[in-house]
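Peer 1: Sequence:
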Amino acid sequence: MVDETEHKASLSSDDAETRQEWLAENAAALAKQAEWHDRQGHPLSDIISAPGRSTWTR
Numbered sequence: 001m002v003d004e005t006e007h008k009a010s011l012s013s014d015d016a017e018t019r020q021e022w023l024a025e026n027a028a029a030l031a032k033q034a035e036w037h038d039r040q041g042h043p044l045s046d047i048i049s050a051p052g053r054s055t056w057t058r
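Counting from 1, one number per residue, gives the positions in the sequence shown under UniProt numbering.
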């Protein structure tokens, strides 16, 4: 039987690895999106009313 803590640690490790793979596979698209946001701002910045709103505009 697998200890629940070991199981969660294994899942966390698998999740982190999967996330890193996804980031590597999508790095070019994410960079293009960041460039677009730098030029255009975030498309929802006009309606964001949260305290962090100012971080969505550049």
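Worth flagging that the hints you see were computed from the coordinates, not collected in a lab. Worth double-checking, as some hints may not be accurate.
What the hints assert, rightly or not - Capping the alpha-carbon separation at 20 Å, the derived lysine to any residue pairs in SDA-like fashion look like this:
| id | residue 1 | residue 2 |
| --- | --- | --- |
| 1 | 32 | 16 |
| 2 | 32 | 19 |
| 3 | 32 | 44 |
| 4 | 32 | 14 |
| 5 | 32 | 42 |
Peer 1: Any hints this thing doesn't respect? Which numbers, in order?
Peer 2: 1, 4
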